[in-house]
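Which chain is which? The protein sequence lines are A and B, in order. Okay, so the first sequence: first residue is 4 according to the numbering used here, each after it adds one. Okay, so the second sequence: first residue is 15 according to the numbering used here, each after it adds one.
Keep in mind that a hint or two might mislead.
[As the list claims (entries may be wrong)] What follows is a list of derived Cβ distance ranges for each label pair: (1) A:Asn53 - B:Pro72: 47 to 57 Å; (2) B:Asp279 - A:Leu182: 48 to 58 Å; (3) A:Lys54 - B:Arg160: 22 to 32 Å; (4) B:Asp272 - A:Leu207: 37 to 47 Å; (5) A:His427 - B:Asp272: 27 to 37 Å; (6) B:Ala18 - A:Glu229: 44 to 54 Å; (7) B:Glu73 - A:Glu429: 33 to 43 Å.
Hints were generated in silico from the structure; no laboratory data involved. Treat the numbers as computed from the prediction; the structure is a model and nothing was measured. Note that CB positions come from ideal geometry on N, CA and C, so glycine has one too.
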Amino acid sequence: MNMDEFRSRARDIVNDPTLTFHQRKHYLAWLAENALEYPALSTAAAEALNKQIICDLFEGSAPYRGRYILPDYGKALRNGSAHLELDPPTDLDEALNFLLIMYTQVPSITGYPVYLGDFDKILAPYVTDAISDDDLYRKLELFYRALDRMLPDAFVHTDLGPHDSRIARAILRIDRELLQVVPNITLKVDPELTPDDLLLEAVLTVFETGKPHFVNHPLMVRDLGEDYAAVSCYNSLKIGGGSHTLNRLNLKEVALLHQGDIDSFIDTTLPHYVELLAELIEARIRYLVEEAKFFEHDFLAVEGLIELDKFSAMYGVYGLAEAVDILMEAAGKDGRYGHDAEANELSYRITRTIADLVAQRPMPYCEGNNGRAFMHSQSGIDSDLEVTAGTRVPIGEEPEMFDHIRAVAPHHDLFPAGVSDIFHVEDTVRRNPSAMVDIIRGAFREGMRDFTFNLATNGFIRITGYLVRKCDVEQFDEMGARHGSTTFAAGSVKNSHVTERYVKRVLSRESSPRAPQ
Amino acid sequence: MKAAQGHLNDVIRFSAVDGPGNRFVVFLQGCNFNCIACHNPYTINDCDSCGVCVEPCPEMALWFDGHHRVVVDDDVCTQCDICIQVCPRDSTPLSQMIRLDSLTRQIDEVSPFISGITVSGGEPTLQADFVTSLFSAIKCDGKLSRLTTFVDSNGHAGRDVWDRLLPVMDGAMIDLKALDPDTHREMTGSGNELVLETIRYLAEWDRLYEVRLLMVPGKNDSPEAVAATARWLYDVDPAMRVKLIGFRQHGVRPQFADIPEADPDHMAELADILRTTGFADLLVV
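The following block holds chain B by itself, in its conformation from the complex:
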């Protein structure tokens, strides 16, 4: 199914941290997980125009339009993020519907400088139709078709979703929060059955660019848990590229402020476990 519009949080024109090479990154609004470690929680939910943010905006860039929807004046907004801080439902009034052609125009402008685009979020697979349309548009455009198309996903999507994306998607970065279903549920609010299935399925199709393991102290970073995860991943694909990421507080919601940041020595220990398991393509950040 085609979708001419997507619900966009923001874009970054140059990113060196969202896949191979320099990339244009599209952050879509809306996520089906509610991770304790989420560093951009304002992308989780859609704005319901409750209006809590209108009054606190110091620039008076927010107001209600005639349909009682909160709208923003882009020329006045300074992106101070106060609206995001006061939002009671992990959303933002700054997200917007964006037309496919408007987005491809922006990509076209930047195209000489990038290896490709990455759709992140939020959770991009929630807008799989739009992502498929975007990737198709790129693959069918003479000038843009050299760009690679990547998805940065939590993996919580069924085969039907991936089957739609696979013909036009070059790779995916998948987060695996925990191998243990209970830990996964505690950290994300959801089970991990679909995530594990996604990892297997994309590896089978050779579209699994990278699996990301975010280590949250006291939650999923015991040597035993990491060793089990490493074995499971190794069974799926011993040549898999693994990125081990230490939890940082940046951007995390206040109710999770007591989670400590990852300890570099402990991270080194966990990296050794992955190396010993046999992963050669390992990145620790």
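Isolated chain A (complex conformation):
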């Protein structure tokens, strides 16, 4: 970027009437970062990045904070913080006040915290029997409202479960009543520990807000240990750690570039690009840790609320559906991913191959996963066109739910940092929420790791995984129509379009990482 271009783009951001002050500042910082040289890459990796065969999700040219940071809020509350000049809280009011302050100081790729703590666990010491249910509800309701207004990003996330608690139930009820985008929620589900009636509460919340996301607690504990959380949309990482970076491999593009049969794709083409992405991830990690020295100065690290040893990086894949269909077609077969046994087998072969290669590839500063990157099925950003998120079946092509689960479940074992498949459910299930409980339990029995439900009839639309409110989109529709701008079908609404047209309080920065063009 030359100086003239830089100035012109900065000017566009500064003068953009559709951005709030904070949004302008965020994009200006992004622009400045991208005026710096990229960490050194081999020619092959740089070319693959340039062609978006491997993708850094527009994280920026000079990483100066980890992408996802999961502070140990429990420890912060127990010890207080010298940097924040806060003593350990002694009651619930002080604890909520402490957290609201701390959230403003937690970095991430979006500028907002992607993790708020497991509310039921970190607040439990302060929720004594002396606090009535009504008082608890009122205090948490005010806190919850503050989260949505102070941290207006759809990737701000809290976790609940697997145990039942007054706090978990209060949060789910508040979520149903306030109908906010923020925070996103994950419920950890353990077949032994999570009672049906807590799952029912969660299902009733899905009917209203599309939240929570459900994760298979025993499987997560197996891969990440007890102290893990699902954050952002939807990435599972270690509490007190996080992910330096999330980069991803566009399997569709790799399949399009491939010449030859399926075996040579698996043996040669795929490993070549798997390594190029690993090189990109390594370069970004090294810059963050060795050049920007994030872990040497950030107060979270200094006070032991995050530890480098609990960090890793995320190795993302997407476009598996297209890759499988392209390879099948090239082999003269018409079976499609999600529907055909042979196509599904090919898809498992592809993800197993990648998982094996990633497991063999040492990665610096990734002690959080024994010196390796975490596999992640990446759920997309707004600029993804004609390529399906992660390992999902393309939207609109999903087979009936049972076949859908059977088709995608074998991938879940391979992705400790999250898969996030989406199941669409009919409105009739509102009258029989226990049917959803059956499906959740069944999906986990089948070895699924994490998933979320879409219901056409609540006030939210799921984009790549995160939520936007329909009323916000409709408001855009009206504005768009008045300005005669591009119209688009509700089914293909992209949040970026919404954000580009008018001032919007809640952004989805992870998914719309770049400044409006």
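Starting from the known structure of chain A, fit chain B onto it as the hints suggest.
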């Protein structure tokens, strides 16, 4: 008596509308009622291989086999339902005899995801031996025995039928089309004596999961009729779960196309009658 085969119309692997939780639903072929409001009339009669459907099939998936029976090629059939539309006797060439072990295998595959199975139809009690065998097989299987077994029935079955089912059946959803015998006959082609007896008998055995009242405008939906039905049901069991269903045209045969759909305001009024009678477990759909 055991029956190793049943006459099957179709199955649905996940259903949220056929009893408690997520359920595997077996639709059996054949019914002893001929309801004006039937939304799947192709399940009423057995196919007699008249062959009217063979020619219209756009996929050429239907043909006569060597015994002059109409058979279907499942690999070619796209389930466009044209055969059902042209069928002159409220049947389908797509129904099939299914072996018990084949059905339990399908249930086994889905079992991690379901609370139980529901046998519907058609009228399942017409194949009571098969239903009993199916439920017994489930109750005797270590892995499947946690599943609950339900029947979705028109109630037109004698005690002898229920006595066979009761040891292996966890619950039944029974339709009551009308309390008044003449109205019932007009709507179904049969009297309701057995239906009322079924409701009493299953309630006595605590196997009556739900009574369904389908409100067909102009037929059985007067406030007086519903109030009388409500009182009768309340006398049988005041804790009964009642589902009040408004008639919809979906799937109904062309000769009944002039029956209007249920009016939501009127349905709300009828629901109030049931609530006033004392039913707490009331669902209106």
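Hints and how they fare:
Our hint of 47 to 57 Å for Asn53 of chain A and Pro72 of chain B holds, since their Cβ atoms are close to 50 Å apart. A beta carbon spacing of about 28 Å between Asp279 of chain B and Leu182 of chain A contradicts the range 48 to 58 Å that was offered as a hint. One distance hint, 22 to 32 Å for the beta-carbon pair Lys54 of chain A and Arg160 of chain B, is violated here, with the actual separation near 53 Å. Checked against the hint of 37 to 47 Å, the pair Asp272 of chain B and Leu207 of chain A passes, with Cβ atoms roughly 40 Å apart.
Between His427 of chain A and Asp272 of chain B the C-beta distance comes to about 35 Å, which sits within the given range of 27 to 37 Å. Distance hint check for Ala18 of chain B and Glu229 of chain A: the Cβ-Cβ separation is about 51 Å, which falls inside the suggested range of 44 to 54 Å. Distance hint check for Glu73 of chain B and Glu429 of chain A: the Cβ-Cβ separation is about 28 Å, which falls outside the suggested range of 33 to 43 Å.
The structure fails hints 2, 3 and 7 (numbered hints given earlier, in ascending order).
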